[in-house]
Amino acid sequence: MKPSRIVITGVGLTAPNGNSLAEFRANLLKGQAGIERIEIRYMGPQLAGVCHYDPLKYQKKKEVRVGTRAGSISIYCAREALADSGVNLETLPKDRVGIYIGCTEHGNVETENEIYNISKFNYDTKYWSHYHNPRTVANNPAGEASLNLGTTGPAYTIGAACAAGNLGLIHATQMLRLGEVDFAICGGVSESIHTFGIFAGFKSQNALATHEDPHKASRPFDKARNGIVISEGGALYTLERLEDAQARGAKIYAEIAGYHVNSDASDYVLPNPARQAECIRAALKRSGLQPADIHIVNTHATATPMGDIQECEAIRGVFGEGCPDTHINNTKSYIGHAMGAAGALELAGNLPSFDDLTVHPTINVDDLDPQCALPGLVLNQPKKVAKVDTILNNSFGMLGINSTLIVKRFIP
Amino acid sequence: MTKDECKKLVLDIIADIAPDEDLSNVKPDVRLRDQLQLDSMDFLDIVMELRKRHGIEVPEADYMQLASLDSSAEYLTPKFQALAAKK
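First to last, the sequence lines map onto chains A and B.
Start counting the first sequence at 1; every next residue gets the next number (this note's numbering).
Start counting the second sequence at 1; every next residue gets the next number (this note's numbering).
Calculated directly from the structure, the hints in this document are not laboratory data.
Even for Gly, the Cβ is constructed at its ideal location relative to N, Cα and C.
Mixed in with the good hints there might be a few duds.
[As the list claims (entries may be wrong)] Quick look at which bits of chain B chain A covers, simulated, 3 or more residues with Cβ under 8 Å:
(1) 26-32
(2) 36-48
[Stated by the list, open to error] Computed Cβ-Cβ distance ranges for the label pairs, DEER-style:
(3) Glu-212/A / Asp-4/B: 55 to 61 Å
(4) Arg-41/A / Gly-55/B: 45 to 51 Å
(5) Asp-4/B / Leu-147/A: 21 to 27 Å
Next comes chain A alone, as it looks inside the complex (with noise of 0.2 Å):
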């Protein structure tokens, strides 16, 4: 039996350089990157991707001070994507409703603000927060956005290190397709900026950026880049099958053509560019497409000196040179690594393209590392182009997990 067709037909996310999919895509094309320098708890300042999204629009004060901040970017991102799919929650059948966030990680943030909470009692755990269990359960970001808008539905978190935003989306589609639930809300959410743990690992792994000027600190595939930028943010999507969304005319941003998720089974953390080239390859075996019809690759690099030259490995030994219409972009180059939302979010800045004929460049690239070459490259200026059918984006994370989402331009 053939699968269902499932589409987007909502995007709603919080990015540091924008809000909503037009702010955000708006920055994308006029190059305009988000990073600041913020204080860290004993660290000092350091460089980061922090979102300015307006936390009362969809909650309380009540639930922003009990939740976590993962909580209130997954309650801000899916109230945004349903507004945007024009579905009327309460007309849903509410048991329904799915909610698939993929998460990096989630709990450092509640625990150090704890223990630091505790140590100005000389560590007397009687001042240990009430509220410590429901914010760290790793179902915290997608069971607040549950408890938000109500839904009775899974709602549960998954897993993936930074390849998480695109399982969120792969998840969902999966479920759709088993006919578990009828309507998804999915994608991936990141607080990972209020851990100092995620930054004193990266400088200990002598992976953190520095950069005089904060927006040209993330630099993927240049010459001088010294690391990742550290961000928070969110992109949740409304996935639905193709009937169910025809059926009430909603607008369609995209189909989902096809996926991958597979495992190095060799490092912690060095990536692995031959299983990173078998998930690309898989991916595009199951949406029946060969390399030459991808239109637009959004690499995962997050300029590390070896991370980016592996994945280039990884795309040249799969793209190569003949693939003349396809065009390769980053978007960290703008918002930092995201993480757990990277995935979503940088699949969101490139989804308008299908509209726009316009390929989002990678920023930042001053000197070109040649080892980071690849034919297509679209550097510092967006690129016209004279078709985008095809998006091929790469999430890979921690532990050696690739996952790669292709999404195709909806043709009825």
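Given the coordinates of chain A, work out where chain B should sit on it, guided by the hints.
Only chain B this time, still in chain A's reference frame:
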């Protein structure tokens, strides 16, 4: 510390833990839960904030004493006074 001052301290705490609530007309003799959106976790917050801000301990068996502003003042004022006497 007077009972009115004590009520003000409790209201200050409630203002922080229930920031969406209008506290201008809280009736001191009516249960807080009957006039404000407060749940059991919020009451744990009141207990925690009394501990953190004022060094006042409220054992679980006495939580009912915090039901209204009047009963809170009745219960807490001697504790505040005892604490002040120690200083």
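Hint by hint, here is what the structure shows:
no.: 1; hint: 26-32; result: violated (count 0)
no.: 2; hint: 36-48; result: holds (count 5)
no.: 3; hint: Glu-212/A / Asp-4/B: 55 to 61 Å; result: 57 Å, holds
no.: 4; hint: Arg-41/A / Gly-55/B: 45 to 51 Å; result: 26 Å, violated
no.: 5; hint: Asp-4/B / Leu-147/A: 21 to 27 Å; result: 37 Å, violated
When each numbered hint is compared with the structure, violations occur for hints 1, 4 and 5.
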